[in-house]
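Engineer: As a plain string of letters, each chain reads:
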Amino acid sequence: VKRTAWWLIVGSLGLFVLGDIVYDTLVVGFGHDTGYPYADIIYLIAYPCFAAGLYGVSVAQFRRDAAIDGAIVAASVSAVIWHWVVTPVIESSSGAPMERVVTVLYPVMDIVLMIAIVHAVFTLTRWRPSVWLLLCGLAMMLVGDTVYVQLVADGTPNSVAGIDALWPVSYLLLACAAVHPSMRDLWQGADVGPAQYSRARMAMLGAALFAAPAVVIIDNGDSTPAAALAILTGVAAILVAWRIARLVADANRSREVISESEARFRALVQYATDIVSVIAYGGEITYASPAIVDILGCPPDAVVGTNAYDLVHPDDIAAVDKALDELLMNPTQPVTFEMRVRNVDNTYRWIQATCTNQLDEPSVAGHRRQLPRCRRAQAHGRVQHQRDARARDAARGPTAPAHVPRAAPGARGLRRPRPRGHPAGGGGHQHVPHHGGALGARRARARDRPPLPGGDGALRDRPPRRAHRDQRHRHRRAADSARARPQHGLITVWSLRVVSPDDERLIALLDVYLGEDRNPDAAQRSVLERTRDLIALTVDRAAQTHRLGYMALHDNLTGLPNRALVIDRLHHALARLGDRHTTVAVLFIDLDRFKVVNDGLGHDTGDELLVEVGKRLTATVRRQDTVARLGGDEFVVVCEDLADESLAEELAARAAEALSEPFTLTRARCR
Amino acid sequence: VLPLVLGSGVLIALVNLADPSDIARSIVFNLLGVVAFGAAVIGVRRNRR
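Read top to bottom, the protein sequences are chains A and B. All the letters of the first sequence, read from the start, carry residue numbers 811 to 1481 under the working numbering. All the letters of the second sequence, read from the start, carry residue numbers 78 to 126 under the working numbering.
Note that these hints are calculated values from the structure, not bench results. Hints may be right or wrong, so weigh each one.
With beta-carbon atoms standing in for the labels, derived distance ranges [as the list claims (entries may be wrong)]:
hint, chain 1, residue 1, chain 2, residue 2, range
1, B, Ile119, A, Val1045, 48 to 58 Å
2, A, Ala1038, B, Arg122, 57 to 67 Å
3, A, Ala949, B, Ile119, 47 to 57 Å
4, A, Gly1115, B, Arg122, 43 to 53 Å
5, B, Ile119, A, Asp995, 16 to 26 Å
Here are some, though not all, of the chain A residues that point toward chain B, as calculated from beta-carbon distances under 10 Å [to be verified]:
hint, residue
6, Ile819
7, Phe826
8, Val827
9, Val838
10, Ala975
11, Ser992
12, Arg994
13, Val1349
14, Asp1350
For every residue, glycine included, the Cβ atom is placed at its ideal position computed from N, Cα and C.
With these hints in hand, go ahead and build the complete structure from the sequences.
Structural biologist: Structure representation (structure tokens):
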């Protein structure tokens, strides 16, 4: 398009030259009074071609505000030209009607050309030499046309010496614009964003507003009322333009400040030696700083768009989940933890990660204006991975456990909701790892994703784990709940941590969702706190009941079933015998000379020996067998589903063999 | 480009100052127009991408 536009400009230049030759041939060579109609036809074709070419060159940078500004200026100039040029020409022209029309068409074509020029100027990205040459040539052509038409209207076309020289000079300037190498870059480049309103541009717009009153003042200088009205109108126009100019200046200043700040922070992130990454809702990595090349060996583009869990070692996923849950439960507290992440060669590297919740930052969580209110319940996270110390890599080895800090105590109580960021957990259930909910749901799909460039896909084949599967189901429920809440207009959540009365351990989250954005009043706060306390007591009582029941049926020293439980299981085993072709065996085991150990080495050593005996017996028998301690040094093993008695004898022999090995205790070695 | 513009301007000024006949002025100015057109064609061809 642009090259075609330039050919249009060159073609129109050729038409102007051709028109001059035809005109001179007719007037000078053949003695005609004018060049009508042949030269005029050529000229009138050249004008729209030139305007179209100029518009085509700048159309790539078309902006509506520039077009409106161009229309303002063009309208004012057109008014002036119409009043001082076209009207006198119409009034003074004589000859055939078509000849008068042709005469009037010249200033009209100048107006068309003027509109194209103004649009081109307002869409310019850079003032290059070619632009100056082009605009100077056009200006000279318009001046020559306007002056000549005015002289023709006055009946003195030859009264101004040198007027003929304006056109060849304008042709040369236009040719120079086409020859200059900078013509390649005119009206070219990326989107320059909103229009930059410079002082010159505002002055031009203000002058355009004042054009019509100026015409009235000049033409009616002897009429006081008309001149006064024109002056007042002009003053008002100038004041309006001034006011707009100040607003525009403020906007430009603010834009510059924001741009500088953005550039500064971008540079900080881009050149940081730590990896800075942004993890969005669902666990997707939306940004990674270039430092990832130095640390993990892969470019940022390779990880952006992938799931963050793809990079985490399978054994560290639970720790990451726990850390992110803490982050969401305490949004104001950064969470630091360590984990292993995958390098580009599929080896793992220990890093220390510091996660901060940036849910209140629209620039991180998304543009606030573009976020519907329902998105408030979704979770975003920003993770800053700090670079690890290389020495620590060597010291810790690949299997060292990750350290996951616990939630800070005393962080309980009402937490003013984080509406946009509050987690996706459903109301009414237990502790929901809100943030991890979405992450967990995505993690299942993430396993099927390809590895990083250069990897062999080892992560894809890791076996599913029950704990993670259960967590995924919980996370899916949380995510489904998060998606459903906005549909009901629930935009705010009041969240309370329910902790154990005994040890301040977090046991649940109480979330109350509502459709208005406000804090709870005193009464509501009281109800919420009482509800939280009741939940804590109920959960704690259930836990205590469970613990008492366990203690009633188990030996508190070895943890094995006690006499009551083993008798109960024996009854059940005997009751089931009628339905099966199997038998039940009961092995009674007691330790010889156990009293010697107790008396000689102390009861602590005796207890330690009993615990070890229980462990060996449990390790010896089958999964369905029950090992119990009746009391003192007496143990019993209930063996179910035995095909015959020989199997019972084999189990007894294995137990005796296991116990025949010496016991290495803290204070002694027994056998 | 600049020598071309300057040279043409000097030529036009000399022609006008000498106040030649209409024929001479027409010939000179039309020749300049043809030169400008030719230069523009060459420039667009050379600068195209």
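Engineer: Flag every earlier hint the structure violates by its number, smallest first.
Structural biologist: 3, 13 and 14
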